[in-house]
Amino acid sequence: MTTDISPAAPSPAPPPSVEAEDGKQQSLLQEILSGSWLVSLLAVVVALLLGGVLIAVSNAEVVAAAENFFAAPGEFFSTLFQTVGNAYSALFRGAVFDWEARTTERAIRPLTESMVSGTPLILTGLGIALAFRCGLFNIGGQGQVILGATIAGFLGYAISLPPIVHMLIAVIGGIVGGAIWAGIAGVLKARTGANEVIVTIMLNSIAGYALGYLLKQNWFTHTNSANPQSRVIDDSSQMFLLLPPPFRLHFGFIIAILATIFVWWLLERSTIGFEFKAVGANPHAARTAGISVSKVTVTVMIVAGALAGLGGAAQVLGTEFKLTGGISGSIGFDAITVALLGRSKPLGTLLAGLLFGAFKAGGYLMQSQTGTPIDIVLVVQSVIVLLIAAPPLVRSIFRLPTPVLKRKED
Amino acid sequence: MSAVCNQKREDVKKLASAVSMIAASALVLSACGSGGDSSSDYLACMVSDSGGWDDQSFNQSGKEGLENAVKNLGIEEKDAESQGDADFKPNVDNMVQAGCNLTFGVGFLLEDTIQEAAEANPDLNFALIDSTFSDADGKPVTLDNAKAVVFNTAEAAYLAGYVAAATSESGKVGTFGGIQIPSVTIFMDGFADGVDKFNEDNKEDVKLLGWNKEKQDGSFSGDFENQGQGQELTKQLISQGADVIMPVAGPVGLGAAAAAKDAGDVNLVWVDSDGYESTEYGDIILTSVVKQISQAVEDTIKEGTEDNFSNEPYVGTLENEGVGLAPYHDFEDEVPEDVKKKVEELKKQIVDGSLTVESESTPK
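Going down the list, the protein sequences come from chains A and B. When we follow the numbering used here, the leftmost residue of the first sequence carries the number 1, and every step to the right adds one. When we follow the numbering used here, the leftmost residue of the second sequence carries the number 1001, and every step to the right adds one.
Keep in mind the hints are simulated off the structure, nothing from the lab. One or more of the hints may lead you astray.
Stated by the list, open to error - Think about it this way: if two alpha-carbon atoms lie no more than 30 angstroms apart in a straight line, the pair counts; the simulated DSSO-like pairs of lysine-lysine are: (1) B:Lys1071 x B:Lys1215; (2) B:Lys1235 x B:Lys1261; (3) B:Lys1215 x B:Lys1235; (4) B:Lys1340 x B:Lys1235; (5) B:Lys1207 x A:Lys216; (6) B:Lys1197 x B:Lys1213; (7) B:Lys1207 x B:Lys1261; (8) B:Lys1215 x A:Lys216; (9) B:Lys1215 x A:Lys322; (10) B:Lys1302 x B:Lys1203; (11) B:Lys1342 x B:Lys1207; (12) B:Lys1213 x A:Lys216; (13) A:Lys216 x B:Lys1235; (14) A:Lys322 x B:Lys1139; (15) B:Lys1213 x B:Lys1261; (16) B:Lys1203 x B:Lys1347; (17) B:Lys1213 x A:Lys322; (18) A:Lys216 x A:Lys322; (19) A:Lys295 x A:Lys322; (20) A:Lys216 x B:Lys1139; (21) B:Lys1139 x B:Lys1213; (22) B:Lys1215 x B:Lys1203; (23) B:Lys1302 x B:Lys1197; (24) B:Lys1340 x B:Lys1213.
Unchecked claim - Covered by chain A, per the in silico footprint, the following chain B stretches (three or more residues, Cβ under 8 angstroms): (25) 1105-1116; (26) 1124-1138.
Said to hold, decoys possible - Output of the computed footprint for chain A on chain B, the stretches with three or more beta carbons under 8 angstroms from beta carbons of chain A: (27) 1056-1062; (28) 1082-1090; (29) 1168-1182.
Just so we're clear, the structure is a prediction, and the values are computed from it rather than from any experiment. Don't be surprised by glycine CBs; every beta carbon is placed ideally from N, CA and C.
Go ahead and model the full structure; you've got the sequences and the hints to work with.
Below is the structure:
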């Protein structure tokens, strides 16, 4: 079942077929039109349109204009387009470029904010995408992020080391934390066959409550504050900024890009990555071919957890600078969407992470400037997932041809 | 493609007719909103914590205060809901960029963010609801342009504890909190002392379950969302014999109310707002420990519009009516007259300072 969900089982070379002989040009067109990239893109477009409808319905002015629709249809449409336009232009200004900002710095800051919000999503999304490729449904991103953030944050204020070294040690701590947490699920799956979906969900809860407990212990938080939060991490352990303030873009973004390249290399160029994909495509065949499925399962979970732990570390060392019960936000779950939208491919995950980071950064401005409920952003994201999970729906909406390969399989 | 567009337009039309009913009420609402039209260009803003504006607790009360200020003082407002801790900084930053004269942060989680923003923007004012400002070691700090809005709810909870102990038939009362933070445990401390006071005065031995003031340890549901957890905890307290229970956990208290209603002879002490009015469980709510967040927000905004903003913390007490005990409503006849008199007397003593309710969590 899991292999069905994983949309990126390595695609075999297109078998020679009658259609393929029609000429390269046509098959190229076919591929673009039926390709998953176009579906992803159109899913985003449809979701934005649906979001526009919701923005309109939740806006009192549009609703009032709708009441007089038959008397003044023109006014209704102008109010409608103005409201939706304002909301989406605020979304854009908050996510990419703010042409209404007072200073140049502020005008270009939104794009970097999208990168900041996208960083933990990319890292965690890569971890989830990697597991998808191996046929494992890693729902434990949340727990792995929490563990990674907890250990990275603790090392960030509990020990003192010179700058850079301190940050790197804390980052490694985060990697180890996430790796251990996902490794538990991997070992249980490999040894006992325990369903990794259930185990990782449970581990999410355990991680959340464990952090909640730790934040009440003074030895852990290093502060006398009665509130459940830790001390602020040392300057030496903060991920350094790539641009001067007010920019918040930090070294974590570089790590995210490096991690994307690493995952690409792992999957496309390394032997172990080949084993990952082989197990993902068909575990029985992989076993017959001499690949140790249980070893691959454990390894892939450890690497996936390490990536998610890195996401947690980037969050606490790059933007938050202290541990709170809500340090992980909804990163672990958003990352699943990011991995799905990115088709479980490294570059795709990077771009999807940036898109979701942009939604997040833009959502702040859209909410505060136009009063549009922040939930709209959530709806848009959810609709994207829904449509991506059902490519035939998108194809039928846009009257796209069914993909050549799929038709053959049918 | 055009078929798709037409379909869309059809949908919009259908929606339009479906929502026309809502439109009517929205019109009325917006008319109210613009009622206090004035020349004031004062901009007050508010950022919630992850509970959101409909948490039936402090976020909601804070937003109410902001809306009342819009209505009564004719100011402009902006608000932003945070969905996670990572949202605080961008949300507050947007308020600063929008030039908000006064920005409220709701809840202790926003403390650092508001503090940073206040230090970076000395020309703008800030306020923090339900928490004071402190440095990394937890020592209190004062900022010139930021005000803490806190409540000494222990005083009112003390009275509630007294009434609860006096009306308990089983000789056991209970309480539990959402998360162990000062703004929650302060209720429980006051409640515990009120129960003790009753025992001392009447040579009784009413026990409090769910909170040990000396050890600062007790029952917590773990968040301010999971009503099922509240129901479970309340069932446990009831099975241990408690017949008056005070849940200090925002909407989780609704779970407690459901469990109390099922049990039949168990009553509740509600917190934050008057539960008789704000919930559907009025018939089992003995009284409520009320915290006037919305009034405090409106007053703070008023200070701002009159150019009187001060960094002096606002501390809601029985004396300034920032906290208080709600009427007994349905229990008016069941609470004995001498208990009512005694509660009035205690209230007077607290107000005139001859009796101090102490709690580790008292805002300093």
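Tested hints:
no.: 1; hint: B:Lys1071 x B:Lys1215; verdict: violated, 46 angstroms
no.: 2; hint: B:Lys1235 x B:Lys1261; verdict: holds, 11 angstroms
no.: 3; hint: B:Lys1215 x B:Lys1235; verdict: holds, 24 angstroms
no.: 4; hint: B:Lys1340 x B:Lys1235; verdict: holds, 29 angstroms
no.: 5; hint: B:Lys1207 x A:Lys216; verdict: holds, 26 angstroms
no.: 6; hint: B:Lys1197 x B:Lys1213; verdict: holds, 14 angstroms
no.: 7; hint: B:Lys1207 x B:Lys1261; verdict: holds, 22 angstroms
no.: 8; hint: B:Lys1215 x A:Lys216; verdict: holds, 14 angstroms
no.: 9; hint: B:Lys1215 x A:Lys322; verdict: holds, 27 angstroms
no.: 10; hint: B:Lys1302 x B:Lys1203; verdict: violated, 48 angstroms
no.: 11; hint: B:Lys1342 x B:Lys1207; verdict: holds, 20 angstroms
no.: 12; hint: B:Lys1213 x A:Lys216; verdict: holds, 16 angstroms
no.: 13; hint: A:Lys216 x B:Lys1235; verdict: holds, 26 angstroms
no.: 14; hint: A:Lys322 x B:Lys1139; verdict: holds, 17 angstroms
no.: 15; hint: B:Lys1213 x B:Lys1261; verdict: holds, 28 angstroms
no.: 16; hint: B:Lys1203 x B:Lys1347; verdict: holds, 21 angstroms
no.: 17; hint: B:Lys1213 x A:Lys322; verdict: holds, 29 angstroms
no.: 18; hint: A:Lys216 x A:Lys322; verdict: holds, 14 angstroms
no.: 19; hint: A:Lys295 x A:Lys322; verdict: violated, 36 angstroms
no.: 20; hint: A:Lys216 x B:Lys1139; verdict: holds, 17 angstroms
no.: 21; hint: B:Lys1139 x B:Lys1213; verdict: holds, 22 angstroms
no.: 22; hint: B:Lys1215 x B:Lys1203; verdict: holds, 24 angstroms
no.: 23; hint: B:Lys1302 x B:Lys1197; verdict: violated, 39 angstroms
no.: 24; hint: B:Lys1340 x B:Lys1213; verdict: holds, 25 angstroms
no.: 25; hint: 1105-1116; verdict: holds (count 4)
no.: 26; hint: 1124-1138; verdict: holds (count 5)
no.: 27; hint: 1056-1062; verdict: violated (count 0)
no.: 28; hint: 1082-1090; verdict: holds (count 7)
no.: 29; hint: 1168-1182; verdict: holds (count 4)
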